[in-house]
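We have chain P already, so just place chain D on it with the hints.
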Amino acid sequence: GNSVTQMEGPVTLSEEAFLTINCTYTATGYPSLFWYVQYPGEGLQLLLKATKADDKGSNKGFEATYRKETTSFHLEKGSVQVSDSAVYFCALTLNAGGTSYGKLTFGQGTILTVHP
Amino acid sequence: DVKVTQSSRYLVKRTGEKVFLECVQDMDHENMFWYRQDPGLGLRLIYFSYDVKMKEKGDIPEGYSVSREKKERFSLILESASTNQTSMYLCASSLGNGGLAGTQYFGPGTRLTVL
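Protein chains in written order, with the numbering used here: chain P, 1 to 116; chain D, 1001 to 1115.
Hint data in this document are derived by calculation from the structure and do not stem from the laboratory. One thing to keep in mind: the hints can contain errors.
[Stated by the list, open to error] Listed next, the in silico SDA-like pairs over lysine to any residue satisfying Cα-Cα at most 25 Å (straight line):
1. D:K1003 - D:R1044
2. P:K77 - D:G1042
3. D:K1071 - D:N1084
4. D:K1070 - D:V1019
5. D:K1057 - P:Q108
6. D:K1003 - P:N59
7. D:K1013 - P:P40
8. D:K1003 - P:E42
9. D:K1071 - P:Q45
10. D:K1003 - P:D84
11. D:K1057 - D:T1086
No experiment lies behind these values; they were computed from the predicted model shown.
Chain P on its own, in the form it takes in the complex (with noise of 0.2 Å):
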């Protein structure tokens, strides 16, 4: 089956600091990769996604590179803000067949805290 593997959280980082969050994937076909944040009190809302290797998201500062050969998609920013202090869910969907309706696997979300 498919899953999502993410580092395990939480993450506390201070003001301009550099962010990893590890992702990990196993899929049976072609996934669609992406990343969701979730700030507090709210929904999900898409950060960034890829759908093919080698495809290389962004958006806000954040990067993430879809690599087929680690089955990965670790996401990245150079200089976190405190505003960047939310939940991160890596999901994926797969591409092909008609029965998908980007139906989302997540990964179970890593807390990060940005302290000023």
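Just chain D now, with coordinates in the frame of chain P:
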């Protein structure tokens, strides 16, 4: 902007009650989803629907049912609430099929407490 709304932000119910959670989206999306979110477990799919009156079980459908009578509305029903259904419930919608449909739009969530 896509908007997904959920009927309540917080709900407190008693064991054995029938509970209805409502979700409405305003972007004519074909697909709608119900998840529950628990600490350390991420989001787990309960049910989803890819068209009106169509539904499919997700990973944890036991104790839940759903209804989709109109394209914009997807309801989650707890037939007889139990304490282990205390959780955050998130609704989402998306357009189409395949990889592009993985861009889901989420509501703010309903935190349900069953006493």
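* Is the hinted pair D:K1071 and P:Q45 satisfied, with a Cα-Cα distance of at most 25 Å? -> holds, 22 Å
* **Pair hint P:K77 and D:G1042, alpha-carbon separation not exceeding 25 Å** => OK: P:K77 and D:G1042 at ~22 Å, within 25 Å.
* Are the Cα positions of D:K1003 and P:N59 separated by 25 Å at most? -> Judged against 25 Å, a Cα distance of about 21 Å means the pair holds.
* Take the C-alpha atoms of D:K1003 and P:D84, compute the straight-line distance between them, and say whether it is at most 25 Å. => holds, 23 Å
* Given pair status - D:T1086, D:K1057, alpha carbons within 25 Å -> Given that 25 Å is the threshold and the Cα spacing comes to 20 Å, the pair holds.
* Asked: Hey, D:K1071 versus D:N1084, does the alpha-carbon distance stay inside 25 Å?
  -> Roughly 30 Å separates the two Cα atoms, so the pair is violated.
* Asked: Under the criterion that the straight-line Cα-Cα distance not exceed 25 Å, is the pair D:K1003, P:E42 satisfied?
  -> holds, 13 Å
* Asked: Given the hint that D:K1057 pairs with P:Q108, does the C-alpha gap stay at or below 25 Å?
  -> holds, 20 Å
* **Hint consistency between D:K1003 and D:R1044 [alpha-carbon to alpha-carbon, up to 25 Å]** => Holds, because 22 Å separates the two Cα atoms, which is no more than 25 Å.
* Are the Cα positions of D:K1013 and P:P40 separated by 25 Å at most? -> holds, 24 Å
* Given the hinted pair D:K1070 and D:V1019, is their alpha-carbon gap at most 25 Å? -> It holds: about 19 Å lies between the C-alpha atoms, which stays within 25 Å.
In terms of the numbered hints stated before, the structure departs from hint 3 and from no other.
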